[in-house]
Amino acid sequence: MRDVAIVGAGMVPFGKYQEKTLADIAWPAVKQAVEDAGIKKTDIEATYCGTALGGMMAGQRILKKLGITGLPIINIENACSSSSTAFREGWISVAAGVYDAVLVIGVEKLTKFGGGTLPLEKEDWEVSHGLVMPALYAMRARRYMHEYGLTENDIADVSVKARKHGVWNEDAQFRKEVTREEVLASRPVADPLKLFHCCPSGDGAAAVVICSAEKAKQYSASPIKVIGSEINSGKYMTGYRDMTSPEITLRGAKQLYEEAGIGPEDVDLAEVHDAFAIAELLYYEALGFCAKGDAAKLLADGETSVGGKIPVNPSGGLLSKGHPIGSTGVAQIVEIVRQLRGQCGQRQVEGAKVGLTHCTGGGVSGFDHGVCSIHLFAR
Amino acid sequence: MMSEELQEALNLAGDAVTRDADGTVRLVGSECGDCGKKAYPPSDVCPECMSENLSPIKLSTQGKLYSWSVVHAAPKGWTLPFIAAYVDLPEDVRVFAHIVDADPDSLEIDMEVETRMATLGSDESGAPFESFAFTPVQKGDS
Chain Y
1 MRDVAIVGAG MVPFGKYQEK TLADIAWPAV KQAVEDAGIK KTDIEATYCG
51 TALGGMMAGQ RILKKLGITG LPIINIENAC SSSSTAFREG WISVAAGVYD
101 AVLVIGVEKL TKFGGGTLPL EKEDWEVSHG LVMPALYAMR ARRYMHEYGL
151 TENDIADVSV KARKHGVWNE DAQFRKEVTR EEVLASRPVA DPLKLFHCCP
201 SGDGAAAVVI CSAEKAKQYS ASPIKVIGSE INSGKYMTGY RDMTSPEITL
251 RGAKQLYEEA GIGPEDVDLA EVHDAFAIAE LLYYEALGFC AKGDAAKLLA
301 DGETSVGGKI PVNPSGGLLS KGHPIGSTGV AQIVEIVRQL RGQCGQRQVE
351 GAKVGLTHCT GGGVSGFDHG VCSIHLFAR
Chain P
1 MMSEELQEAL NLAGDAVTRD ADGTVRLVGS ECGDCGKKAY PPSDVCPECM
51 SENLSPIKLS TQGKLYSWSV VHAAPKGWTL PFIAAYVDLP EDVRVFAHIV
101 DADPDSLEID MEVETRMATL GSDESGAPFE SFAFTPVQKG DS
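Those protein sequence lines, which keep their order, are chains Y and P. All residue numbers for the first sequence refer to this note's numbering, where the first residue is 1 and numbers rise by one. All residue numbers for the second sequence refer to this note's numbering, where the first residue is 1 and numbers rise by one.
These are calculated hints, taken from the structure and not from any lab test. Remember, predicted model here, so these are calculated numbers, not experimental data. Cβ atoms here follow ideal geometry from the backbone N, Cα and C, with glycine treated the same way. Careful: at least some of the hints might be erroneous.
Claimed, not checked - Computed footprint of chain P on chain Y; a stretch qualifies when at least three of its residues, placed anywhere within it, have a C-beta under 8 Å from a C-beta of chain P:
id, segment
1, 53-65
2, 106-119
3, 142-152
4, 186-198
5, 240-254
Work out the full structure: start from the sequences and follow the hints.
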């Protein structure tokens, strides 16, 4: 396998674009990434497009707008990990030497469902009995509160931090701070989770151009190296399982750190899958940023805020930046690229050299999560 | 009769919910004849060893409340709010179910709950949607 780097990144501000088609939401992100890379569109040899609910041939629908056609376009569905999966497939193709340069897209338009909880697969047995994603995370939260003494204030503070970071990100869906009191007073969704503990529904797109490290220099003065790529499915379990311990993230992180030859202490910042506030706390522990049971302290000490030891979700995360599900994986990568290049203004993590992205996808019974993809990047 | 209707409504494989002679609601899972793995809902292939040598197993009607949430947002049809829960049955089987006939403030982690039938909402035609659920075991119950 050869080294791979990102040479171009682009995204559109996440928000509500009900009047636009999926293709019209996405093409500006793709154009931005291609122009950022300074690559001729004819040099792009393949495209991997991730979307969970965008319908057939999203990649073709987007790329015909820009005339990037006549090349392999692979459309990928893997729930909320659709575009982190697409990124990994693109990475494999370049690392293996099949292609020198490929485009990866993440896109979603959730406003077409008219709001509410994410539509899940009705053939799933738990879904057929009323399981919704907020309830699943709420049950994790309640069990964690019981076992580790976590309080509702602790969980609310995740949202407070996310919103604070989001103020500094012009691509974020929410750009207004909230207080702990406002979080706790927002309407209940799935007790103990309130509305402001939940990521918003919305639309968006993000794109990156990746190429072999050897070729990267011809496009970019500051290519961002991919130093680790990991994907896994959850383990299907019919019996008891510990919902305070996200097994798929634990397994994936261990494997990834071994593969990259670094540890969590070497990571300068992370974009993690905080679809619901409790999740971010569980992932501090699973990714090795603190010991089991210490997540609330890490947050309270300010270590995961910009300026702390390990800033998590400087973009505002899913809670503030938004979570048009299929676009999230690539949007996380766009943030890491911009951070490692030092382009992030007020939310810049000073001196960041190594960044991590973590993206899960769930909604199938018997799994902690159906999928989890984790990547490491370095400048 | 009731269980047949449920199977259709829920896409459950096999005879997943029955009543004992005394009316007790009982979940029926599957047990692998080769590796012993138990599962609910029942399956026709073992998720552990891929054996198709599976038999129905009557599961305990009481279990422990692993966690729960009072759900205020869900697709159309469900009666809101409802209490969603994971219940651990002694056979090392975890079941997702609603908790009914309970004040959410009275619930406790790991408390004993038992099976029940309940109306949980309505289907697309407006007909009541019935299925199994759990309720806290009342003190004094045996």
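Hint check:
Taking a C-beta to C-beta cut-off of 8 Å, the segment 53-65 of chain Y contributes 0 residues in contact with chain P, too few for the three needed, and the coverage statement is violated. Only residues whose beta carbon comes within less than 8 Å of a beta carbon in chain P count, and the segment 106-119 of chain Y has 3; three or more means the coverage holds. Counting residues of the segment 142-152 of chain Y whose CB lies closer than 8 Å to any CB of chain P gives 3, so the stated coverage by that chain holds, three being the minimum. Here the segment 186-198 of chain Y counts 7 residues with a CB under 8 Å from a CB of chain P, which clears the bar of 3, and the coverage holds.
Closer than 8 Å: that is the beta-carbon criterion, and the segment 240-254 of chain Y has 3 residues meeting it against chain P, so the requirement of 3 holds.
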